[in-house]
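Those protein sequence lines, which keep their order, are chains G and C. Everything in the first sequence is counted per this note's numbering, starting at 841 for the first residue and increasing by one. Everything in the second sequence is counted per this note's numbering, starting at 1350 for the first residue and increasing by one.
Keep in mind the hints are simulated off the structure, nothing from the lab. Treat each hint with caution, since some may be false.
What the hints assert, rightly or not - In silico lysine-lysine, BS3-like type, Cα no more than 25 Å apart, as pairs:
1) C:Lys-1406 - C:Lys-1517
2) G:Lys-872 - C:Lys-1542
3) C:Lys-1411 - G:Lys-1136
4) C:Lys-1517 - G:Lys-1132
5) C:Lys-1411 - C:Lys-1542
6) C:Lys-1515 - C:Lys-1542
7) C:Lys-1531 - C:Lys-1575
8) G:Lys-872 - C:Lys-1465
All of these numbers come straight from a predicted model, not from anything done at the bench.
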Amino acid sequence: MNIFSLLSTMPGAIAQGLIWGIMAIGVYITYKILDIADLTVDGSICTGGAVCVMMMMRGHGIAISLLAAVAAGMLAGLVTGLFHTLMGIPAILAGILTQLALYSINLKIMGRANQALGVRNFKVLISLQYLKGVPWYQNTLFIISIFVIVLIAILYWFFGTELGCSLRATGCNINMSRAQGINTNFNKILGLMFSNGIVALSGALLTQYQGFADVQMGRGAIVIGLAAVIIGEAIIGRHFRNFAMQLVSVAIGGIIYYIVYQTVIWLGIDTDLLKMLSALVVALFLGIPYWKSHFKKNTVKTTEGGKENA
Amino acid sequence: MLKIENLSKVFNAGTVNEKAALNGLDLTLKNGDFVTVIGGNGAGKSSLLNAIAGTWKPDSGKIYIDDVDVTNMPEYKRAKFLGRVFQDPMMGTAATMGIEENLALAARRGRVRGLKWGISNKEREEYRNLLATLGLGLEDRLSNKVGLLSGGQRQAITLLMASLRKPKLLLLDEHTAALDPKTAQKVLEISDKIVEENNLTTLMITHNMKDAIAHGNRLIMMNEGKIILDISGEEKKNLTVKDLLQYFSSTSGEEFANDKTLLA
């Protein structure tokens, strides 16, 4: 076990962590802000990759391909949103339905189960080949960092606007939101669209980075996203109140996840077990707040009583 | 102002839990009326307020606010006419958002929410002054999360939120029932003040007959989804709790009356 071989994997781990950090910021919007566990993302991350790959193969530029990927992701979010609000399907099931449908759609977009995007044949923005030996401004780490910073800036601005505030209120207290004249269904759809647009963006970046899109690439994406959100919050986010710092902590959560991931592989664990371990770690972290509240002493409640009347 | 015609709602129709919450109810409110609503458990008091607010659609009947038929208008749309305070202090505010953010949300009720900044500095000043009038020391805690506040403080803020954009009708659904007596008194005082200063038309449900008599210019009593007593003006001023109990037993609580007779 050579520590240098571990260290040499770190730039890659950080790059992957940042790409998944973008995905996790998308998950943050639904899971933390809207209080919806949206499983669409397992499909929409691949949709983003698939659209990006096919656009670039047809000779479109990187910018337009990324935009198309985001649009496709937003469309997937729209479908989940309509399932949920228009048809009254519970959010988690609505997401699963869209995710399943996206499997077929992703196959149709790509024409087969995977498509390569070789760095030699295409001018890509980021790649695992561009981690070293390129000018700093072409370095993948630099470029993804810019993406993360710009994304956080945009979201920080948006969630400070009237519309953004109403979206936060929708996730926090839906009754109050309706009483204050907020169209909560519209906001849920909007949040799901933003979230999946961001997830698709990360899928498109991931595809460029790894040089291919695969119909399986989204399997368990939600778990990685949640892991990044939870790890980021536990280690960094809870020390800050600022919303931008919350998002930064999510991105760093993604990095930490991949550093741990690489380390575990370096330690020689059977890689078949990795997804199971991820699931267990996320389950554990999700369980901690529940246990905490369970073992706390019962606090006095003042919300009942006073019903004895005429 | 508010006109309700023949309003009915049955919950769990066709099951053993079938419950007629509203039973052909009629009610008309004049501008500036402050009506207190009393009645037993399941009399339909909250159902009446929920029907007006649009929490669900009634089975039959019509609701007009200032001659606008709102019967089928979605809850969030008719919110522009209404200010609401709920029994549960947790329900009226967003716990994870700041005091000023909650007020700013309420200040935009009935308006298009666009991409302007969610709260302006001018508003902050305004809210600071408004909060100071509550006398709860909240004016220095503008950015504090509402979740950190007590039930009474949250109800006071919800009241401010309900009146920030002057509503055509203020709905208070047992909004002091979850509070301790002293806090309840304080919140009632604030309610009176806000209603008076803004000349708000108000419907206030209360479980406390004394409060029902002491507040407002009109009192209605409900039973089995209908209004069984409607008293206003001088007659209401001279009302006593004993009168109300007596009336209640003679018109609705036949069992209660029978028990009394037996005891006598």
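Evaluation of the provided hints:
Proximity of C:Lys-1406 to C:Lys-1517 is assessed by CA-CA distance (about 20 Å); at most 25 Å being required, the pair is judged to hold. For the suggested pair G:Lys-872 and C:Lys-1542, the alpha carbons sit about 38 Å apart, so the restraint of at most 25 Å is broken. Using a Cα cut-off of 25 Å, the hinted pair C:Lys-1411 and G:Lys-1136 is violated, with the two alpha carbons roughly 49 Å apart. Among the hinted pairs, C:Lys-1517 with G:Lys-1132 is inconsistent with the structure: their alpha-carbon atoms are about 45 Å apart, more than 25 Å.
Our distance criterion of 25 Å between C-alpha atoms is broken by C:Lys-1411 and C:Lys-1542, whose separation comes to about 31 Å. About 14 Å separates the Cα atoms of C:Lys-1515 and C:Lys-1542, which keeps this hinted pair within 25 Å; it holds. For the hint linking C:Lys-1531 to C:Lys-1575, the alpha-carbon distance of about 32 Å lies beyond 25 Å, and the restraint is violated. For the suggested pair G:Lys-872 and C:Lys-1465, the alpha carbons sit about 23 Å apart, so the restraint of at most 25 Å is met.
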